[in-house]
Amino acid sequence: MARVTIPIGPQHPALKEPERFMVTVEGETIVDADVRIGHIHRGLEKLFEQRTYLQNIHITERICGICSFTHSTNFCQATEYILGVEPPRRGLYLRTLMNEFERIHSHLLWLGVAGHEMGFDTLLMWSWDDRERILDLFEDITGNRVTHAFNTIGGVRRDITDAQIQRILHTMDIMEERTKAYIQVGLNEQTILKRTQGVGILTTADAKRLCAVGPRLRASNVKYDVRKNDPYAAYGELPFEVITSDTLDVHGQLVVRALELLECVKMCRYMVQNLPAGEIRVKVPRKVPPGEAISRTEAPRGEDIHYLRSNGTDKPERLKVRAPTLANILNVAHTLKGANIADIPLIVAGIDPCMGCMDRVLILDRDKESCKVMSAEQLREYSIEWYRKEAYR
Amino acid sequence: MKRPGIMIKDVFKRLTMKPVTSKYPAEKSPAEPGYRGKMEFYVDKCISCGMCAKDCPSFACVMEEIDGKKRPVFYLDKCMFCAQCEESCPKDAIKMTTEYELAHLAGNPQIVK
Numbered sequence: 000m001a002r003v004t005i006p007i008g009p010q011h012p013a014l015k016e017p018e019r020f021m022v023t024v025e026g027e028t029i030v031d032a033d034v035r036i037g038h039i040h041r042g043l044e045k046l047f048e049q050r051t052y053l054q055n056i057h058i059t060e061r062i063c064g065i066c067s068f069t070h071s072t073n074f075c076q077a078t079e080y081i082l083g084v085e086p087p088r089r090g091l092y093l094r095t096l097m098n099e100f101e102r103i104h105s106h107l108l109w110l111g112v113a114g115h116e117m118g119f120d121t122l123l124m125w126s127w128d129d130r131e132r133i134l135d136l137f138e139d140i141t142g143n144r145v146t147h148a149f150n151t152i153g154g155v156r157r158d159i160t161d162a163q164i165q166r167i168l169h170t171m172d173i174m175e176e177r178t179k180a181y182i183q184v185g186l187n188e189q190t191i192l193k194r195t196q197g198v199g200i201l202t203t204a205d206a207k208r209l210c211a212v213g214p215r216l217r218a219s220n221v222k223y224d225v226r227k228n229d230p231y232a233a234y235g236e237l238p239f240e241v242i243t244s245d246t247l248d249v250h251g252q253l254v255v256r257a258l259e260l261l262e263c264v265k266m267c268r269y270m271v272q273n274l275p276a277g278e279i280r281v282k283v284p285r286k287v288p289p290g291e292a293i294s295r296t297e298a299p300r301g302e303d304i305h306y307l308r309s310n311g312t313d314k315p316e317r318l319k320v321r322a323p324t325l326a327n328i329l330n331v332a333h334t335l336k337g338a339n340i341a342d343i344p345l346i347v348a349g350i351d352p353c354m355g356c357m358d359r360v361l362i363l364d365r366d367k368e369s370c371k372v373m374s375a376e377q378l379r380e381y382s383i384e385w386y387r388k389e390a391y392r
Numbered sequence: 000m001k002r003p004g005i006m007i008k009d010v011f012k013r014l015t016m017k018p019v020t021s022k023y024p025a026e027k028s029p030a031e032p033g034y035r036g037k038m039e040f041y042v043d044k045c046i047s048c049g050m051c052a053k054d055c056p057s058f059a060c061v062m063e064e065i066d067g068k069k070r071p072v073f074y075l076d077k078c079m080f081c082a083q084c085e086e087s088c089p090k091d092a093i094k095m096t097t098e099y100e101l102a103h104l105a106g107n108p109q110i111v112k
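For the protein sequence lines, the chains are A and B, in the order given. Start counting the first sequence at 0; every next residue gets the next number (numbering that gives the first Met the number 0). Start counting the second sequence at 0; every next residue gets the next number (numbering that gives the first Met the number 0).
The following block holds chain A by itself, in its conformation from the complex (with noise of 0.2 Å):
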């Protein structure tokens, strides 16, 4: 049969986000396809070098308007690595059930997407009522649904009162009731279980080769979260379990999220059953010391890292994202091949993208006012031959 290549994207009905994948079909079935980044580059991080550490701390939430506070949250971390300060528990455990919540929230987010790109809307609807919940606590604890302002560097921003900490614990009741209907819909439903079951399969060695992370990782069977290897915050006193599953698949991924769901709603509950008295926050210099740091935390689509740079000023040197959708779109152009051409919204979808997040490296050229994307190859020259001019930087 002859092979035929069709471009998806840049704009497509299918995708929520500019990105293009170049899929050669032979049929219906996929053989081959191609993802090409990059057509939302926002140039953030030379933003960053630009501003103050304070005003960064608000900035970096607009790199992602789902998980805006763990990109915040990392952002910090690194900032406090530097200064070799610690935030008080207090302030820690209000960092941590942030988080927590911004994983409900996405996770239902996801849940709802997913329902959508398989023709299943009522899922969407009922699963964004539940987010409302959520978001209406954001919106009293913190001050904003999505971008909440609500960390710094050296704590949080606002103290948690005793009737936001009984609401809480009553809507933890509304969710692990929503969530548990989530989990017999997910397991049970004719819907679901056609379209998702053998759908992205993603075996455990292409997931570790491929360097997937997050929920997608985990639904290839591989026991790894941030949250328990490499414990941030307040994440080493918390029980929990980290959520696994054995079928690779897209259903897989689904099981993952709303059983992790069930295991944030435990989280919560034990930090506000068990917040620890005294101060929310410590008073940092607004300068920075020389020196760079590494942060990490699980995203609630995977691990997010930065890099932090300073220079002894209250600007940044340089500061690096790394958001989990790039470690994830290379298990996408892999997984699809084989796909049939109708399931590449829930594979995409699948790994719960954010375009946004992820796009940011593009060469420009400001004397030819000329832009390009390099190949590995260039850009594995480019950096040898930037190395050797600069080997004494």
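Check before you lean on any hint, since a few could be wrong.
[As the list claims (entries may be wrong)] Within a straight-line C-alpha distance of at most 30 Å, the following computed DSSO-like cross-link-like pairs (lysine-lysine) qualify:
#	chain 1	residue 1	chain 2	residue 2
1	B	53	B	37
2	B	53	A	282
3	B	90	A	314
4	A	179	B	8
5	B	12	A	314
6	B	8	A	314
7	A	265	B	12
8	A	15	B	69
9	B	44	A	286
10	A	15	A	179
11	B	69	A	282
12	B	8	A	193
[Claimed, not checked] Pulled from the structure, derived: some chain A residues nowhere near chain B, Cβ distances all over 12 Å:
#	residue
13	8
14	55
15	80
16	162
17	242
18	245
19	268
20	337
To be clear, the hints were calculated from the coordinates, so they are not data collected in a lab. Nothing here was measured: the structure is a model prediction, and the numbers come from that model. Where a beta carbon is used, it is the ideal one built from N, C-alpha and C, also for glycine.
Once you've looked at the hints, dock chain B against the given chain A.
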């Protein structure tokens, strides 16, 4: 054996529920008490230190001279409501309110003085 019709109970429950959406703007929808909306500025407390303008991430807060006194002016079209100015102010001259209805026509910028 997979059980069909697992959602039937929920479907009937939802049928008898009233809609979760509200009839905004016919019906007002107040923000949560902790919400950060449009700020209030108390000029008599201000000591013209300029910390708010220095820390503003989006340059929405700028120092301007009005009636012989240097003081911040807030351009709400640029503001992202992070409340960093409120936190940086040493005299509590800035306070965030829960007002969020800030839509306006072009050419008529929203400014808090």
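Going through the hints against the structure:
Only pairs whose Cα atoms come within 30 Å are accepted, and residue 53 (chain B) paired with residue 37 (chain B) is accepted, the gap being roughly 19 Å. The hinted pair formed by residue 53 (chain B) and residue 282 (chain A) meets the criterion: a straight-line CA distance of about 18 Å does not exceed 30 Å. A threshold of 30 Å between alpha carbons decides the hint, and for residue 90 (chain B) with residue 314 (chain A) the separation of about 26 Å falls inside it, so the pair holds. Between the alpha carbons of residue 179 (chain A) and residue 8 (chain B) the distance comes to roughly 14 Å, so the proposed pair stays at or under 30 Å and holds.
A threshold of 30 Å between alpha carbons decides the hint, and for residue 12 (chain B) with residue 314 (chain A) the separation of about 55 Å lies outside it, so the pair is violated. Pair hint residue 8 (chain B) plus residue 314 (chain A) does not hold up; C-alpha atoms about 57 Å apart against a cutoff of 30 Å. The hinted pair formed by residue 265 (chain A) and residue 12 (chain B) meets the criterion: a straight-line CA distance of about 26 Å does not exceed 30 Å. Between residue 15 (chain A) and residue 69 (chain B), the direct Cα distance comes to roughly 46 Å. Violation of the 30 Å bound is thereby established for this hinted pair.
With a C-alpha separation of about 28 Å, the suggested pair residue 44 (chain B) and residue 286 (chain A) falls inside the 30 Å cut-off, and the hint holds. In summary, the hint linking residue 15 (chain A) to residue 179 (chain A) is supported, as the alpha carbons are separated by about 28 Å, within the 30 Å threshold. Only pairs whose Cα atoms come within 30 Å are accepted, and residue 69 (chain B) paired with residue 282 (chain A) is accepted, the gap being roughly 28 Å. Between the alpha carbons of residue 8 (chain B) and residue 193 (chain A) the distance comes to roughly 22 Å, so the proposed pair stays at or under 30 Å and holds.
Chain B leaves residue 8 (chain A) outside its interface by the beta-carbon criterion, the shortest separation being 29 Å against a cut-off of 12 Å. For residue 55 (chain A), the condition that its CB be more than 12 Å from all CB atoms of chain B is violated, with the nearest at approximately 8 Å. Every beta carbon of chain B lies more than 12 Å from that of residue 80 (chain A), the smallest distance being close to 22 Å; the non-interface claim holds. Distance check for residue 162 (chain A) against chain B: the nearest CB is about 9 Å away, which does not clear 12 Å, and the non-interface claim fails.
The Cβ of residue 242 (chain A) lies farther than 12 Å from every Cβ of chain B, with a closest approach of about 21 Å, so its non-interface assignment holds. Under the 12 Å C-beta cut-off, the non-interface status given to residue 245 (chain A) relative to chain B holds; the minimum distance is some 18 Å. Every C-beta of chain B lies more than 12 Å from that of residue 268 (chain A), the closest at about 21 Å, which supports listing it as non-interface. The claim that residue 337 (chain A) is not at the interface with chain B holds, since no C-beta of that chain comes within 12 Å of its own (minimum 26 Å).
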